[in-house]
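Chain by chain, the residues run as shown.
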Amino acid sequence: QSVVTQPPSASGTPGQRVTISCSGSSSNIGSNAVSWYQHLPGTTPKLLFYSNDQRPSGVPDRFSGSKSGTSASLAISGLQSEDEADYYCAVWDDSLHGPVFGGGTKLTVL
Amino acid sequence: EVQLVQSGAEVKKPGESLKISCKGSRYTFTNHWIGWVRQMPGKGLEWMGIIYPADSETRYSPSFQGQVTISADKSISTAYLQWNSLKASDTAIYYCARHFSYFDLWGRGTLVTVSS
Chain D
60 QSVVTQPPSA
70 SGTPGQRVTI
80 SCSGSSSNIG
90 SNAVSWYQHL
100 PGTTPKLLFY
110 SNDQRPSGVP
120 DRFSGSKSGT
130 SASLAISGLQ
140 SEDEADYYCA
150 VWDDSLHGPV
160 FGGGTKLTVL
Chain A
78 EVQLVQSGAE
88 VKKPGESLKI
98 SCKGSRYTFT
108 NHWIGWVRQM
118 PGKGLEWMGI
128 IYPADSETRY
138 SPSFQGQVTI
148 SADKSISTAY
158 LQWNSLKASD
168 TAIYYCARHF
178 SYFDLWGRGT
188 LVTVSS
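Same order as they appear, the protein sequences are chains D and A.
If you're matching positions, the first sequence starts at 60 in our numbering and goes up one per residue.
If you're matching positions, the second sequence starts at 78 in our numbering and goes up one per residue.
Hints are computed from structural coordinates only; laboratory data are not their basis.
Backbone N, C-alpha and C fix where the C-beta goes; we use that ideal spot for every residue, glycine too.
Treat the hints with care, since some could be wrong.
[Unchecked claim] Result set (BS3-like, lysine-lysine): computed pairs, CA atoms no more than 25 Å apart in a straight line:
1. K90/A to K105/D
2. K105/D to K164/A
3. K165/D to K120/A
[What the hints assert, rightly or not] Under 10 Å between C-beta atoms, here's a sample of chain A residues computed to sit facing chain D:
4. Q116
5. W183
6. G186
[Stated by the list, open to error] Quick list of simulated restraints, FRET-style, between CB atoms:
7. D120/D to Q159/A: 37 to 47 Å
8. N161/A to S140/D: 40 to 50 Å
9. G89/D to K151/A: 28 to 38 Å
10. D181/A to S140/D: 19 to 29 Å
11. T190/A to T102/D: 11 to 21 Å
12. V79/A to H156/D: 25 to 35 Å
13. G119/A to S70/D: 15 to 25 Å
14. S193/A to R76/D: 43 to 53 Å
15. S192/A to G128/D: 42 to 52 Å
16. P139/A to P66/D: 20 to 30 Å
17. K151/A to R76/D: 38 to 48 Å
18. T78/D to M117/A: 19 to 29 Å
Work out the full structure, taking the sequences as your base and the hints as a guide.
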């Protein structure tokens, strides 16, 4: 059971906008920056966002990240079939003195 | 190319020991923390621990403290993850990743299978 919580699943049809939440506490999201990762089966996790909303080069601007208080969100607009993957948030936890991952959200494109 | 190169897949029996590696190339290995991340079959990513290769300062997730040992040899830009006595439940993919307040560079993972 992670200290950072994500919904286990999300879904949408091509072209739709979906949002994935990441809920934590004052010792993690409330005081540190959130990063997001996309993980397709059999591949290496890919950094989607760092510092809450900073997109590395190569990540489409259909993806956006945000943080407010002790929660963060990943939004994907113009959903495409290639977006079907597992998505994880991660954040430093001051109590654990290390990073923690959310439990992951499996995104299905219907 | 900047990369982390992990050692190959392992098949072990319960009770055996194992040490897997993660070698950094084309960047200053001692300037960044290296983390180890576990993914059990059908499960999510779990942070195990991190090490700062410059001085080998190490921090473990409470879930893995005492279960594994993380070490590094800065002279060869390599970090290690070690078990003294494997269990079937250690079957997983283990990723190393460079940590700079986020994991920006990942190894391709080492599949460890523990089976009698």
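So, going through the hints one by one against the coordinates:
The suggested pairing of K90/A with K105/D is violated, with an alpha-carbon distance near 32 Å, which exceeds 25 Å. Simply put, K105/D and K164/A have alpha-carbon atoms about 29 Å apart, too far for the 25 Å limit, and the pair is violated. Pair hint K165/D plus K120/A holds up; C-alpha atoms about 11 Å apart against a cutoff of 25 Å. The closest approach between the C-beta of Q116/A and any C-beta of chain D is roughly 8 Å, which is under the 10 Å cut-off, so the hint is satisfied.
The beta carbon of W183/A comes within 5 Å of a beta carbon in chain D, closer than 10 Å, and the hint placing it at the interface holds. With a least beta-carbon distance of about 7 Å to chain D, the hint placing G186/A at the interface is held under the 10 Å criterion. Under the hint 37 to 47 Å, the C-beta atoms of D120/D and Q159/A, about 42 Å apart, fit the expected range. At roughly 45 Å, the beta-carbon separation of N161/A and S140/D lies within the given 40 to 50 Å, and the hint holds.
Take G89/D and K151/A: their Cβ atoms lie about 35 Å apart, and the range 28 to 38 Å holds. Between D181/A and S140/D the beta carbon distance is about 27 Å. The supplied range of 19 to 29 Å therefore holds. Roughly 19 Å separates the CB atoms of T190/A and T102/D, a value that falls within the hinted 11 to 21 Å. The beta-carbon spacing between V79/A and H156/D, approximately 27 Å, falls within the hinted interval of 25 to 35 Å.
Between G119/A and S70/D the CB atoms are about 19 Å apart, so this pair conforms to the stated range of 15 to 25 Å. Our hint of 43 to 53 Å for S193/A and R76/D holds, since their Cβ atoms are close to 49 Å apart. Taking the beta carbon of each, S192/A and G128/D are about 45 Å apart, inside 42 to 52 Å as hinted. Checked against the hint of 20 to 30 Å, the pair P139/A and P66/D passes, with Cβ atoms roughly 25 Å apart.
A hinted range of 38 to 48 Å for the beta carbons of K151/A and R76/D is consistent with their spacing of about 46 Å. In this structure the supplied range 19 to 29 Å holds for T78/D paired with M117/A, their Cβ-Cβ distance being about 27 Å.
Hint violations for this structure: numbers 1, 2, all remaining hints satisfied.
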